[in-house]
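Colleague: Let the hints inform the model, and build the full structure from the sequences given.
Next come the chains, spelled out residue by residue.
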Amino acid sequence: MGVTVLILLKPYSNVKPYLDTVFNQSNTRTNGDSQVNFFQNEDLDLNIQEVEIEEPVPSDDSNSSSTETKVTKHTFIYPYYGDRYATLNIENAGMKDLPVYCGTDESLLEMGVGWYNGSVYIGKVGNVVLAAHNHTYFYMLPAVKVGDIVTLETSYVKMTYIVSDIVVFHETDYTYVLPTKGKDRLTMYTCWNNGYLGMSEWRLGVLCDLVSREWKEVEVPQ
Amino acid sequence: MKITKIVSAAVVSVAMAATMAFSAAAATTDKDVVTAAMNNAVPANNVQQLENFFASHAGRYSEEDFNKMIEAINSVGDTLKSRISEGTLADLTEDQKVELFKGLTEEERQGILTKAKDTAKQFGVNLTFEKADKGYNVLWTLDAEPATSGTDSKTDTSKAAETGKVDKTVSNTGSEANNTAAAFMAAMAIALAGTGIVVVAKKNKEN
Numbered sequence: 001m002g003v004t005v006l007i008l009l010k011p012y013s014n015v016k017p018y019l020d021t022v023f024n025q026s027n028t029r030t031n032g033d034s035q036v037n038f039f040q041n042e043d044l045d046l047n048i049q050e051v052e053i054e055e056p057v058p059s060d061d062s063n064s065s066s067t068e069t070k071v072t073k074h075t076f077i078y079p080y081y082g083d084r085y086a087t088l089n090i091e092n093a094g095m096k097d098l099p100v101y102c103g104t105d106e107s108l109l110e111m112g113v114g115w116y117n118g119s120v121y122i123g124k125v126g127n128v129v130l131a132a133h134n135h136t137y138f139y140m141l142p143a144v145k146v147g148d149i150v151t152l153e154t155s156y157v158k159m160t161y162i163v164s165d166i167v168v169f170h171e172t173d174y175t176y177v178l179p180t181k182g183k184d185r186l187t188m189y190t191c192w193n194n195g196y197l198g199m200s201e202w203r204l205g206v207l208c209d210l211v212s213r214e215w216k217e218v219e220v221p222q
Numbered sequence: 223m224k225i226t227k228i229v230s231a232a233v234v235s236v237a238m239a240a241t242m243a244f245s246a247a248a249a250t251t252d253k254d255v256v257t258a259a260m261n262n263a264v265p266a267n268n269v270q271q272l273e274n275f276f277a278s279h280a281g282r283y284s285e286e287d288f289n290k291m292i293e294a295i296n297s298v299g300d301t302l303k304s305r306i307s308e309g310t311l312a313d314l315t316e317d318q319k320v321e322l323f324k325g326l327t328e329e330e331r332q333g334i335l336t337k338a339k340d341t342a343k344q345f346g347v348n349l350t351f352e353k354a355d356k357g358y359n360v361l362w363t364l365d366a367e368p369a370t371s372g373t374d375s376k377t378d379t380s381k382a383a384e385t386g387k388v389d390k391t392v393s394n395t396g397s398e399a400n401n402t403a404a405a406f407m408a409a410m411a412i413a414l415a416g417t418g419i420v421v422v423a424k425k426n427k428e429n
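Protein chains in written order, with this note's numbering: chain S, 1 to 222; chain L, 223 to 429.
Accuracy of the hints is not assured; some may be wrong.
To be verified - Once the Cα atoms are required to be at most 30 Å apart in a straight line, the calculated DSBU-like pairs of lysine-lysine come out as:
no. : chain 1 : residue 1 : chain 2 : residue 2
1   : L       : K343      : L       : K290
2   : L       : K303      : L       : K337
3   : L       : K290      : L       : K324
4   : L       : K337      : L       : K290
5   : S       : K145      : S       : K96
6   : S       : K183      : L       : K253
7   : L       : K303      : L       : K290
8   : L       : K253      : S       : K181
9   : L       : K324      : S       : K181
10  : L       : K303      : L       : K253
11  : S       : K216      : L       : K303
12  : L       : K324      : S       : K216
13  : S       : K73       : L       : K337
14  : L       : K339      : S       : K158
15  : S       : K145      : S       : K158
16  : S       : K158      : S       : K181
17  : L       : K339      : L       : K324
18  : L       : K303      : L       : K343
19  : S       : K70       : L       : K253
20  : S       : K216      : L       : K253
21  : S       : K216      : S       : K70
22  : S       : K145      : S       : K73
23  : S       : K181      : S       : K216
24  : L       : K339      : L       : K290
25  : S       : K158      : S       : K96
26  : S       : K70       : S       : K158
27  : S       : K181      : S       : K70
What the hints assert, rightly or not - Computed, partial: chain L to chain S, Cβ under 8 Å:
no. : residue
28  : A266
29  : N267
30  : Q271
31  : S304
32  : K387
It is worth saying that the hints were derived from the structure and are not from the lab. All C-beta atoms, glycine included, are put in the ideal place defined by N, C-alpha and C.
Modeller: See the structure below:
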């Protein structure tokens, strides 16, 4: 009944995403934690490596422009393309436990948020870029505000960020998805159609500064 | 005599130090490949993809492999150098890099793709290109590494084949897919940037 009323009030193209959700027409292939990676051979071993991270050290002097760094060693589990990679949370915007996949292929964006493989691996210093559809996993991204806390957690590190800026950019403007050498940032974006769903040449971007990096003890399977 | 010995020792020390320094400088690593990519107009995001690939496949390639990759990247760079009137490829901004590749003819692009494919194959990377509406679809697969102990391919010493793809720089996150040009880089050895390169998923377990 509700769907019928919706169709009468809005053009079909605006309603289609809701219809797909109601009548389960999506091509989602994963169920919760049970992920099947259609890109990889199921025999692949975990890609576990020791990695040196050179992190900037915050200066006590706010007027100082110098950047000290410290080098520490950590265990990474590099994801394969298509793997479930991380979990994203933005509580204030009602975005809870969103699955993040390695890659932004269309099939992966149907299942969750995509980590763009032209950005740094989560945990390394630089710009981590995430993308998702505006009618599914980043539907609530416009509700994110400056000052909101964002957590991005993998099996080897938990990153905590604070939202610092909200931007709108054209799809051909790569400014916000470019690498940021030596500076940590999280960039999340989705299509922006001035508040409406659907395809657009524009993107809504949420930029975040790093608050903390919490490394985890990685259990190496025997 | 004593002074001569001291001088001789000093000369030998300097010579040895110079040799060692030369040897250290001559060792080619993945970082040199990344630098070559940066210096040959590869867009920053594609350089990051190359860095990521090397990081997650550490130890897979030899110094000789890296030298071959640099040679291949420089070869592509030679094609591009004639397109700029001043400065070097390393001086180009990100926007200028995109414009540079936009100006390539279809024949030149095909030449680069062929070079990419042939070079990548040397390193066990299979690049698949498909002409699409506004460019090419690109997927790479990494050959399985054979077992080192002579046992079957499912022992712990072997590595199964891996598939990856080059993500588009800015994805289409609206409710319908759209053919949007984006820069891409071959997984190994050759970097190719420009419009019309579209990446589409291929599921290697469909058959």
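Colleague: Now tell me, hint by hint, if it's right for this structure.
Modeller: Verification of the hints:
Straight-line distance between C-alpha atoms of K343/L and K290/L comes to about 12 Å, which keeps the hinted pair within the 30 Å bound. For the suggested pair K303/L and K337/L, the alpha carbons sit about 17 Å apart, so the restraint of at most 30 Å is met. With a C-alpha separation of about 26 Å, the suggested pairing of K290/L with K324/L holds against the 30 Å cut-off. This hinted pair checks out: K337/L and K290/L have alpha carbons roughly 12 Å apart, not beyond 30 Å.
Of the supplied pair hints, the one linking K145/S and K96/S holds, its CA atoms being roughly 16 Å apart against a limit of 30 Å. For the given pair, K183/S sits about 19 Å from K253/L by alpha-carbon distance, which is consistent with the 30 Å threshold. Straight-line distance between C-alpha atoms of K303/L and K290/L comes to about 20 Å, which keeps the hinted pair within the 30 Å bound. Restraint check: the Cα-Cα separation between K253/L and K181/S comes to about 15 Å, which is no more than 30 Å; the hinted pair holds.
Distance restraint check for K324/L and K181/S: the Cα-Cα separation of roughly 26 Å lies within the 30 Å cut-off, and the hinted pair is therefore satisfied. Between K303/L and K253/L, the direct Cα distance comes to roughly 22 Å. Compliance with the 30 Å bound is thereby established for this hinted pair. Proposed proximity of K216/S and K303/L is contradicted: the alpha carbons are some 47 Å apart, above 30 Å. A threshold of 30 Å between alpha carbons decides the hint, and for K324/L with K216/S the separation of about 44 Å lies outside it, so the pair is violated.
Simply put, K73/S and K337/L have alpha-carbon atoms about 38 Å apart, too far for the 30 Å limit, and the pair is violated. Of the pairs offered as hints, the one joining K339/L and K158/S is violated, with about 38 Å between alpha carbons and a cut-off of 30 Å exceeded. For the proposed pair K145/S and K158/S, the alpha carbon gap of about 21 Å is at most 30 Å, so the pair holds. Only pairs whose Cα atoms come within 30 Å are accepted, and K158/S paired with K181/S is accepted, the gap being roughly 20 Å.
With a CA separation close to 20 Å, the supplied pair K339/L and K324/L stays within the 30 Å bound. Taking the CA atoms of K303/L and K343/L, the gap is about 25 Å. The hint holds against a cut of 30 Å. The hinted pair formed by K70/S and K253/L meets the criterion: a straight-line CA distance of about 20 Å does not exceed 30 Å. About 27 Å separates the Cα atoms of K216/S and K253/L, which keeps this hinted pair within 30 Å; it holds.
With a C-alpha separation of about 18 Å, the suggested pairing of K216/S with K70/S holds against the 30 Å cut-off. For a cut-off of 30 Å, the pair hint linking K145/S to K73/S is broken: about 34 Å separates their Cα positions. Taking the CA atoms of K181/S and K216/S, the gap is near 24 Å; set against the 30 Å cutoff, the hint holds. Distance check on the hinted pair: K339/L and K290/L sit about 14 Å apart at the alpha-carbon level, within 30 Å; holds.
Between K158/S and K96/S the CA atoms are separated by roughly 15 Å; this keeps the pair inside 30 Å, and the hint holds. The straight-line distance between the Cα atoms of K70/S and K158/S is roughly 19 Å, inside the 30 Å bound, and the hint therefore holds. With a C-alpha separation of about 15 Å, the suggested pairing of K181/S with K70/S holds against the 30 Å cut-off. Satisfaction of the interface hint for A266/L is found here, the shortest Cβ-Cβ separation to chain S being roughly 5 Å, below the 8 Å cut-off.
Here the hint on N267/L is kept, as its CB sits about 4 Å from the closest CB of chain S, short of 8 Å. For Q271/L, the suggested interface contact is upheld, since its CB lies about 5 Å from the closest CB of chain S, less than 8 Å. Taking 8 Å as the C-beta contact cut-off toward chain S, the hint placing S304/L at the interface is violated, the least distance being around 25 Å. Interface restraint check for K387/L: the shortest CB-CB distance to chain S comes to about 6 Å, inside 8 Å, so the restraint holds.
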